[in-house]
Each structure stands twice: as structure tokens, then as C-alpha cells.
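Got chain A; can you put chain B on it based on the hints?
There are 2 protein chains.
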Amino acid sequence: MSVTTPKGFRAAGITAGLKASGKPDMALVVNDGPAKAAAAVFTSNRVAAAPVLWSRQVVSDTRVDAVILNSGGANACTGAEGFQNTHATAEKTAEVLGISAGDVVVCSTGLIGEQLPMDKILPGVEAAAAALAGDGGAAAASAIMTTDTVSKQAGFSGPGYSIGGMAKGAGMLAPGLATMLVVITTDAEVEPAALDSALREATRVTFDRTDSDGCMSTNDTVVLMSSAASGTAPGLAEFTAGLTQVCADLARQLITDAEGASHDIAITTVNAATESDAETVSRAVARSNLFKTAIFGNDPNWGRVLSAVGTTDAAFEPGQLNVSMNGVQVCRNGGVGEPRSLVDLSGREVEVVIDLNAGGETATIWTNDLTHDYVEENSAYSS
Amino acid sequence: MSVTTPKGFRAAGITAGLKASGKPDMALVVNDGPAKAAAAVFTSNRVAAAPVLWSRQVVSDTRVDAVILNSGGANACTGAEGFQNTHATAEKTAEVLGISAGDVVVCSTGLIGEQLPMDKILPGVEAAAAALAGDGGAAAASAIMTTDTVSKQAGFSGPGYSIGGMAKGAGMLAPGLATMLVVITTDAEVEPAALDSALREATRVTFDRTDSDGCMSTNDTVVLMSSAASGTAPGLAEFTAGLTQVCADLARQLITDAEGASHDIAITTVNAATESDAETVSRAVARSNLFKTAIFGNDPNWGRVLSAVGTTDAAFEPGQLNVSMNGVQVCRNGGVGEPRSLVDLSGREVEVVIDLNAGGETATIWTNDLTHDYVEENSAYSS
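Protein chains in written order, with the working numbering: chain A, 7 to 389; chain B, 7 to 389.
Only chain A is shown next, with the shape it has when bound in the complex:
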């Protein structure tokens, strides 16, 4: 499924020449209605890119007609000229589609601190508009890739309506609210306030709990558009559940394709006093470079888990902590449990469960190991 699976949407992915590789680098997703309802969440990084500053304004009236996206340049830390370039991109998109620039969300991704080549962007907008198609979702998903090795799409089929989504992101991947570019479409009839509520709830437990490398991007955007073209109006709880499923699927694809990773790690904290405590503890472990390198080395080094847990202010007693790795309780009551040698870390999936024995709340953070390939990708190439 893709962003063009729901009725009322067209999309395109084309090559504007922004990337030295010659790969596709601009995408366009258009909502043909009848409704143009939208909601979005953006990075909480205070150094926000020009397209984020622009798009926050666009979404504030809950109407979005189109999203224009480019890879090959983040347009972040580019000052007034960068903002003018985002504005010009929205104006050009509006002109070729016959809509208002104030209804065009702009997303950019790539190297921070360089101006976009507008002599390629503006013809790219024209080419993208000319390529718009009712089955253009896959092409759009490919055109937003940067260091991604595969394009990411997901979908949900509800009774009489559907939800489709695409995402990019492989590095600088930690939640600020989300940490990547994501476009989600639906033909369900959902009011803007309900779209916003559903999107915030879905991202809170999916993209927000994805933390590959602890680095928050300047460009994170998740935009959700409803065309209402199906004529079906699901209940909010049902719609939120379907949307959460799409977000979780995309978030999982991001982790699986994260730069250089060799293990996908789910860190679940259980029996926490609060959900916030559970998330804090899981995230502290997810951000420990020593834990992440141990997993790369297939080493069930639970001491590195406890040393990370100990840096948090969550409610727990050190002598009551239990840690399981892939089903083996290697740490019991803060001390030595089952033998480390029983833990098999040879597969890609790793599950760490930390029992705080302090309540009944749970949260999972999804992360990766820290590998030679991560260091190689992020030292050898600018992004």
C-alpha cells in the first residue's frame, strides 16, 4: 500500500538533479478532495529548518492541498535566503497546481547548512506536477530516500476506507516528535481536530519511541491528509488504532534500515511507577553507546544495561531490578541471574526487558546497535 492507495490522492517522484548519484530526489503528493483536512507534527528541535518553519504555518489552518518534498538538501541553518527558497518552492507548486501557496507543505532532507539549488528545484516542481498519477505512491516513496537503502511504505484497510503512508529516515533518527519525513493519506472522513488527536496519539507511541542514534533532526515532519473521498466516517478510536498501526509499521521499517545497524533492539521497561518512567529508562539504555556496541558484539552485557538505568530518576530500588535478554533473566534482584551464555544474540532481533518492580506501567523504545558501518557511514559522508 502507498500514499495513493486511499481514494482522492495522486503522487509523483522524479529526478530534479539535486543528488550527485542521479537518483530520484523530488516527490509530490496531492489531495484532490473533496475534503482537504490535515494535521501534522514537527521536530521539537529549536534549530528548525526553513521548510518546518513554513509548514507549521501552512498546517495551522488544518488545510493542506499538497506536499512537495525534496531529498539532496535539508535547507536547515540557511537563514532568510533558505526561507525564501522554501516560500518560492511552495509558490511554484501552487502555480502549477492552481492552488494557494498557503496550502502547500514543504519538506526537505539532506545536508544541513547549504542552500538548495533553486535552478533545479523549480523545474523539478514542474516535472513532479506533470508526473502526478493515481498510482504514483511508490515513485514518491523512492524519491525521498537519502541514506535509506529501501523505500518505506505502509497501509491499513478499514471498513470502507484506507490509510496509506510513506517515510524516509536512516540517520539523525531520534524523536523530537518523530525524526524523519512521513506523509500519510486517508480517504476516511475525519474532522481536522480528530485527525490531529489521532496523529498525536499514534506518533506518541511509535515514531516518538524510535531512537536509533539519539540525534534529533532539524527537519522532522509527519503530515496526515484526509480526502474524505471514501465517504466513510470511522469512529475516532477505530481510526486512531488503524493510524497507529501504519505509524508503527513505518517506524519499524526505519529502525530496520537504520544506518549501519546489524541488530534491531526493542527495549521494554515493565512494572514502572509511571509510563514516563518506563520510557525514560528504556531510552537511557537505548542511548548507551556501551550497551549498543555490546549488542553489536553479540555480548549480553547486562551490567551496561544497569549502569544506564542507574543514571535515571525513575522510581526503583537497585536491589529489585531484573533484566532479561532474549528471554533469559540474566540479572535478578540487581545481581547475577541466569548465565550469560544462555543468551543467543546471533539473530537480528533483540528484546531487552527491564523490570523495575515499582508499579504497573510499560513502554518500549526501538533502537539499533552501534556498529563499524554506522561509524563508517557517518564519518565518510556528510549529511
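Source of the hints: derived by calculation from the structure; they are not laboratory data.
Just to be clear, a hint being listed does not mean it is correct.
Since the list gives no way to pick out one identical chain from another, each pair is judged satisfied if it fits inside one copy or across any two copies.
Unchecked claim - In the DMTMM-like style, the derived pairs of lysine to aspartate or glutamate whose C-alpha atoms are separated by at most 25 Å in a straight line are:
1. Lys42 with Glu357
2. Lys25 with Glu344
3. Lys25 with Asp305
4. Lys25 with Glu323
5. Lys42 with Asp109
6. Lys42 with Glu101
7. Lys29 with Glu344
Note that the coordinates shown come from a computational prediction; the quantities given were computed from them, not determined experimentally.
Relative to the frame of chain A, chain B by itself:
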């Protein structure tokens, strides 16, 4: 200079057989007085090792007669048995020295989550006591090494007195208060309250601002002992300045020998509204894996600096941020400054200066780059 440079101290470093390599693994530092004043700071990690729990109690009465240290095992997350082993080590040390166990600080470093081999530790205490010598400082400094490639010693000569110190630490190196084992001696006459005040001020701006890999240890200990054997009583400000110099020297040696590092990086935030803001911003950059891998790749990627600064709550306007790398202002007013190509990162020393334009306060965090060797050391070997 070493811990035996100040008058009134003896030390030893011996091989008890804790390390598979057969290298020295136990050290002893004894204060022969006449005074036995002491102060210490410990890890703030809530999962504190047994020797930390023990030594906090020992230091609480401001008297320390001896410090017994072992590498080859952290005795952390080892429960009641681990605490009993620390206690037994202190008792044995007291017995062979003819002092009270309640005046013996115990320090351990090595793998978390395994019991110490007491059948080797207790004979090791006897051997260390037998080897005590007035010039044993260097041997002690060697015996506390783990993944350190060189031993670390430093000293300060004041008018009529001296300060000597030794340190170990190469990984799990981020401040909790300090993140390693450090023993500092002085023959200056300094009252316990002044020792404590001087030590907290010195560590606050040295070890506390050393952040190699963001991972806080369970065993960090910095202990300072005064024998008063010189008969000289310096003023508190003068003594604190000398002590800070020793701590800064040792902290710098820790960074230079950090696991796998190829660059030593000083990140200074200037013109901050508060010192706390300056420290927060410098530390956020020091903990960005993307920034650290960029430096490994000799890439002056200032966008990764700004994306880290943007995650903090320090007072600043994004459009007023300036960043210099090795003297080149690559980011001006939040946007593009001088060409990146002017920055030379080929040397080991890297200086990043972040100007917040929000006040007059400054703080520096010392860190390293993130390299293939860091990943290799921490994935291939348990610690």
C-alpha cells in the same frame, strides 16, 4: 610526580592474578600521617558498586588511612555477597596494616556483574602491604589500569608542600561526579572541611566536564588524602587552584587515552546566560554520535553541532548562533559562515566554540571522537 611524591605516603602495585593477562591488578596507597584527613566524591549512578557503598561510609567521618584498589573486576551488581567481599577486603587491609577497617577506602574496576575471586584478592592485599614503598606511586598507577594504554599520574608543587595523583579510566567515561578511579595525596595541612570544599570545586570543572562516551560508571571514585607531613598550611584558594591543576591534568590524560579515540575535542560554549546553560550546550554536542563520527572523518560538519544545540533548553536565538571549528567561523548567525574547506581537522586536537550570544558565561566539555576502534574495543571485549 605520583601519589608518593607528597611526604607521608607509601604505595604499592602488585599482581594478584585477577587479570588473565597476568598484568598488575592490585594497588595500595597508605597515609602515614601525622594527619589522616580525607574527602571524596563518588559516582551519582544509582546503581553504585559495592566498594562505592562501602567507601561512602568510610569517608563520612573524614578519616582515611589507606586506599586498596583492584582492577580485573568492578564488584558492581553483585548483591550482598559483593558487599561482604568489599568488607572482607577492607578487614584484611586493616589487619595487615594494623589499622581500623572503617578507615580503609576500597575501589574496584573491571567487568560489572561478576563476583571477585576472593581467594586471589586476600593474598593480594598481603602482597601489596609487603610491597609498600615510599616510591611506590608509579607501580600503584600501573596496577589500576584496565583498558588504559598508559598509566596516568600528575602533581603540583606548592610553596612547602605538594599534591600528587593517579587515575585510571578509558571507557564508561562520563561524569556522575567523576567517572573513574582517582587517588590524590597531599602533605599540605588542610582541614577536612577545606579538603572537601577544594575537591568538589576542582572536580566540578575538571572530571565533571570530561565526557568521553556519555556512559556513567557504577564505580567512580575520587579520593583525596592529606598527611599534613609537610607542616605547611596553604590558603584554601591557593590549595584549590593547585588541586584543580592536578585534576585537570589527570582528566586530560583520561581523554587522551580514551578507548579508540583519534581526536581530543574541547567544546566551549561562550556568551551563555548561565554557566549551567554553557555546560548543557557543550555536553549536548559532546554526546552527539553524529558530531563525533564527523570529527573522526575530519569533517567540519557544523550542522550536526547546531542540531545538537537545538535539543537543549539553554537561552539562545537560533538566528544568533555562531560556531567556530579550529578557529574558523563556519557558522555565523545560525547560517553559513566561512567555507568548511578552511578547517583543518587533521591534527589530534579539535576546538569547537559555540557562541550563544545570550550572556557572559562559559563552560568547556572535553570529549573524543567516535571511531571504528571504539566500536571494536567495546563490542569485542566485555567490560
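Status of the hints after comparison with the structure:
1. Lys42 with Glu357: For Lys42 and Glu357, neither the intra-copy (41 Å) nor the inter-copy (50 Å) Cα distance is at most 25 Å.
2. Lys25 with Glu344: Classified as between: cross-chain Cα gap 24 Å, same-chain 51 Å, threshold 25 Å.
3. Lys25 with Asp305: The answer is between: 19 Å across copies meets 25 Å, while 39 Å in one copy does not.
4. Lys25 with Glu323: neither (52 Å within a copy, 32 Å between copies)
5. Lys42 with Asp109: within (9 Å within a copy, 75 Å between copies)
6. Lys42 with Glu101: Result: close within a single copy only, 18 Å intra versus 82 Å inter.
7. Lys29 with Glu344: Neither: 50 Å inside a chain and 30 Å across chains, both beyond 25 Å.
Hints 1, 4, 7 from the earlier list are contradicted by this structure; the remaining hints agree with it.
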